[in-house]
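Undergrad: Now for the letters of each chain:
There are 2 protein chains.
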Amino acid sequence: EIPFGPVCKVPFNPNCSMILNVSQFCYPGRENFIHLCNPHLEKMKEDILYHFALGTGTHDFPALFGDVKFVCVGGSPSRMKAFITYIAEELGLGSPGCDYPNICAGTDRYAMYKVGPVLSVSHGMGIPSISIMLHELIKLLYHAKCSNITIIRIGTSGGIGLEPGSVVITRQSVDATFKPQFEQVILGKTVIRSTNLDEQLAKELMQCSKEINQFNTVIGNTMCTLDFYEGQGRLDGAICLYNEEEKLQYLKEAYDSGVRNIEMESSVFAAMCNLSGVKAAVVCVTLLNRLEGDQISSSHDVLVEYQQRPQKLVGYFIKKSLGKV
Amino acid sequence: EIPFGPVCKVPFNPNCSMILNVSQFCYPGRENFIHLCNPHLEKMKEDILYHFALGTGTHDFPALFGDVKFVCVGGSPSRMKAFITYIAEELGLGSPGCDYPNICAGTDRYAMYKVGPVLSVSHGMGIPSISIMLHELIKLLYHAKCSNITIIRIGTSGGIGLEPGSVVITRQSVDATFKPQFEQVILGKTVIRSTNLDEQLAKELMQCSKEINQFNTVIGNTMCTLDFYEGQGRLDGAICLYNEEEKLQYLKEAYDSGVRNIEMESSVFAAMCNLSGVKAAVVCVTLLNRLEGDQISSSHDVLVEYQQRPQKLVGYFIKKSLGKV
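Heads up: the sequence lines are chains V and D, in that order.
Number 171 in UniProt numbering belongs to position 171 of the first sequence; there are no gaps in the numbering.
Number 312 in UniProt numbering belongs to position 312 of the second sequence; there are no gaps in the numbering.
This is chain V alone, in the form it adopts within the complex:
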């Protein structure tokens, strides 16, 4: 009758009912399992995760993914491959020079790698791109009967008032008007969802950063925008119809509201993890200080080292969680 995954009626995911008042629709999982907010899936004989080129009819999800506990996601496929290589060595599960196959080799939309309890998935750039990936990832984890999942986005961002290379652990993801919400149009109607992230997880990550003590890390709000140029007040896009003073005023207002960095995926990431009852965090390095400029002009080597910082922090957190520190 219910072919996929573990399902029971309590505890109910409070985020579903509070925000959407949809108690009749949600299928909450057992505590620490994925909460599936879609009653239609149970009627499907097969589920094709098109953008992963995976399907329940062709792949044994519990066998392939049942042991996953940590999912790390980031925009760039090559960065997510570098992360799996790094974490494998850190956890003593890989050998130097070992190559990890791309589980989504049947498509070029996303790349996915796995070692032990860690899954590493790319999501491209922007809310729509990460949203497609998260729909399919959450279904994948559900079909695989995974439990006690932690998802962390390790990304890049523009900083506000921070030395470049600083790492921001997101307290709240806010929109371009500094509100902690994600607005989405469903069947032509606007729906607002909460962008809360796990406070305890953010504190644990901050503690990890103190322990490794290699780079500046802060907890702050993250502004999530739909555009990199005009949407983030840059002066260097193909279109720009405001002046530098207006730009700086906007960025200073963002800073005063608690925003410390700007990226393009955190709001829908927080909203979807919330609804699915998954612990989530966002850890992004800042590639520049937007109060000083718009162009990312640091050398390639400097940028590569910056991008390793969230990986180091989250790698240490995973090791510590597994009792390997």
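Any given hint could turn out to be false.
Identical chains share a label here; the pair holds if one copy fits it or two copies do between them.
Cut-off 16 Å, straight-line C-alpha distance, at most; resulting in silico cross-link-like pairs (EDC-like, lysine to aspartate or glutamate) [claimed, not checked]:
(1) Lys81 - Asp108
(2) Lys189 - Glu253
(3) Lys43 - Glu244
(4) Lys189 - Glu246
(5) Lys189 - Asp175
(6) Lys279 - Glu204
(7) Lys114 - Asp60
(8) Lys81 - Asp99
Because the hints were derived from the structure by calculation, they are not lab data.
Following the hints, put chain D in place on chain V, whose structure we already have.
TA: Frame of chain V, contents of chain D only:
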């Protein structure tokens, strides 16, 4: 004083002033050149197109790209590589088995290929992803002093009321409430932009489809959404809080308003090409009929053949434009 590209004061791009009332800001190009709506760029010594890993300080844009006349863009990097191979053979500019280097090899954000007057660029999935690419593409064409540019998006989509495999040439790109507009937040304020496309170009493409006579092609409206699952009324995402009846009602309303397919990039594509004075069209194949279902379950070979249809149509159009038919 004005280091980049050809600039003069007439004819003024009517879309800039009509929709944004920003005549004091826009730097319209000479007729048929790129209209640059950003006065700040002329003050920059160097322009780094970060997501292309190209820059005016390191690359000679006029030498590399000055002869470009047709730019084809699409979501998937491998599809855009397949297109450059196809068009090279069609134009008699390539030899079988010839490999085309990725001009953006320094990054994995986008892929770019060129043969003769044709540039082929991937843009990932969703409005934010294509928007970053278009900002940098429009600046690239401007810096390269290109003229008489036609940009065509060749993509995939979900059809409404069409046999799968049908090709839709977009008349108007509409939002999820069926309005022909693109809404964007700039410095925290909402700005509405027109999503008009070139009517004459759409007609010429339709004529090409009649001449090749290989698949069903229609001119219709294209709905551009920010999400693939809930945003397009699918029942098979990780979250779905409506029923099948509500879904079908929404899709039928879309059909009645003139929508024939749904994708995720056309609105910002139309808006930005409009503002930049570039002739643009959207040609997407439909992978399924959304009135019949949500999952893309056709065989790999069928889907590959479907995805070649926009390439064939646009390939024929380019050949005809160059007098090679």
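Undergrad: Return the numbers of the hints above that this structure violates; sort them in rising order.
TA: none
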